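Chemist: Here's the letter readout for the chains.
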Amino acid sequence: MSDLYNASNLPADLKPAVIDLLYRLADDSILIGHRNSEWTGIGPILEEDIAFSSMAQDKMGHAAAYYTLLHELGEDDPDTLAFMRDAPDFRCCQLVALSNIAPDAPSDAADICNNPTRDRLMAHGDWAISFVRQFLFVQADVIRNTALESSRFDPLASLCRKIRGELRYHTMHAESTLRHFANGTDESRNRIKKAFVYLWPYALGLFEPTAHDQALADAGICPTQADLQSQWREHIDPMLADAGLTIDESVQPKFGGRTGKHEQALSDALADMQKVYRLEPTATW
Amino acid sequence: MTNTTDNQPQIDAIWNALQTVTDPEIPVISVVELGIIQDAYLDDGDATVEMCPTFAGCPALDVMRDNIRHAVRAAGFDSVNVKVVYDPPWTTDRITDDGRRKLKEFGLAPPTQCGGSPVTEALIKETACPFCDSKDTNLESIFGPTLCRAIHYCNSCQQSFEQFKPV
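Chains as they are written, first to last, in the working numbering: chain A, 29 to 313; chain B, 81 to 247.
No lab work stands behind these hints, which were simulated from the structure alone.
Note that the structure is predicted; figures quoted are calculated from it, not measured.
One thing to keep in mind: the hints can contain errors.
Label pairs and their calculated CB-CB ranges [unchecked claim]:
no.	chain 1	residue 1	chain 2	residue 2	range
1	B	Asp167	A	Pro134	28 to 36 Å
2	A	Pro134	B	Glu206	43 to 51 Å
3	B	Val143	A	Thr108	43 to 51 Å
4	A	Leu307	B	Lys215	48 to 56 Å
5	B	Ser197	A	Ile73	27 to 35 Å
6	B	Val108	A	His208	50 to 58 Å
7	B	Asp119	A	Glu100	16 to 24 Å
8	B	Ser159	A	Ala245	52 to 60 Å
9	A	Glu308	B	Asp146	56 to 64 Å
10	B	Gly195	A	Ala245	16 to 24 Å
11	A	Glu100	B	Glu220	45 to 53 Å
Here's a subset of chain B near chain A, in silico, CB distances under 8 Å, partners left out [claimed, not checked]:
no.	residue
12	Cys138
13	Asp173
14	Ile222
Glycine included, each C-beta is placed from N, C-alpha and C at the ideal position.
Based on the sequences and whatever the hints tell you, model everything.
Modeler: Shown next as structure tokens:
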């Protein structure tokens with residue numbers, strides 16, 4: 029179809045905007061995947077350990093597919109993009125980079141498994157933060173994915189139509205687990221409330237406007253972030269209200285991620301995620 | 081694409097080779113029965129196979145791609161090209177009847193047919209035990225030991241079992 033774009037007929041003036049969009053999608057995916065994978069083996073219960081590990085693996089797969097689209101547009105190969113870039117090169121939102129440990133947790137941890145990062149997560153990890161983040165993220169991920177299924181950049185639209193069925197499991201998990209906690213005990217309700225208050229400004233940062241928003245929307249490639257954010261709010265507000273979570277509309281969003289301005293949490297995550305690859309970048313696996 | 085009736089025997093040979101390539105995690109089902117082969121043809125003399133990935137993050141995909149290349153090469157094609165395509169998207173409805181029967185014999189409940197509708201928890205719950213065929217089963221977890229499996233429990237034969245989950 030002549031009205032669709034692909035890697036070979038994408039107009040030169042749109043290419044930087046599409047590349048930026050793909051970096052945002054890919055970097056969000058790999059970081060949420062990495063952070064969720066930190067629970068593998070030490071999740072609070074077996075079912076959630078498996079769920080987080082599976083969703084992490086799905087998101088790593090999505091990241092690899094987005095990085096492949098970037099490679100087809102002339103960027104580096106997927107492994108180099110994932111493992112050799114530094115924090116300021118990443119275009120993920122700050123939400124996905126956050127640690128699974130609350131910011132006010134003690135900094136100490138007993139030496140349990142000769143791995144300080146894992147020791148600290150085992151001692152002070154807050155799975156409520158991880159779960160509420162996953163809920164807020166996946167609902168945005170699905171809104172974005174659904175919009176991109178009809179993107180005029182056809183390779184992305186095809187990929188998003190493929191990913192749809194996988195994300196369906198992530199939303200089923202997020203929604204039933206949130207209901208579970210809301211109908212649980214005072215402790216479960218308080219824990220998700222505390223996590224929600226901490227995460228909300230970061231979640232709003234998912235929809236940080238970018239310099240490319242209007243061009244992408246005008247070209248039919250991706251709706252503006254403001255548009256996506258209002259769809260997301262329409263979708264999640266009733267679920268949050270049902271779970272007893274109240275939105276403070278005066279909160280200022282945590283922006284910066286989409287232009288490469290990140291908190292220490294991203295550098296910490298990358299140090300872990302990229303460590304093995306950087307030991308020997310030319311190794312074959 | 082140079083598919084003509086003249087090279088039909090060669091195309092048949094490619095499909096026959098593909099029938100011998102199995103999913104490394106479910107070694108009883110071939111890539112053809114799994115429904116991941118979109119097309120097979122000769123492109124300027126090169127054997128070309130279009131493959132739709134199951135789950136984007138499935139580690140078995142790279143293995144299957146390599147195994148497809150080897151199998152088609154062994155069938156007498158010097159140059160083999162395996163293309164990954166996302167369009168149309170693979171869904172579990174593409175698994176053939178033979179494939180579904182083999183999954184069940186392997187001890188995996190076949191995926192519920194969803195006919196293009198979004199998968200719901202209710203749909204996943206309607207799963208019969210692959211061992212005793214009882215429908216008195218509980219859904220234990222929508223995630224399982226591999227990306228494509230959910231975990232159920234059969235109240236009738238008191239066995240937990242896995243399902244190739246519908247997507």
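Chemist: Which hint numbers does the structure go against, in order from smallest to largest?
Modeler: 1, 3, 6, 8, 9, 10, 11, 13
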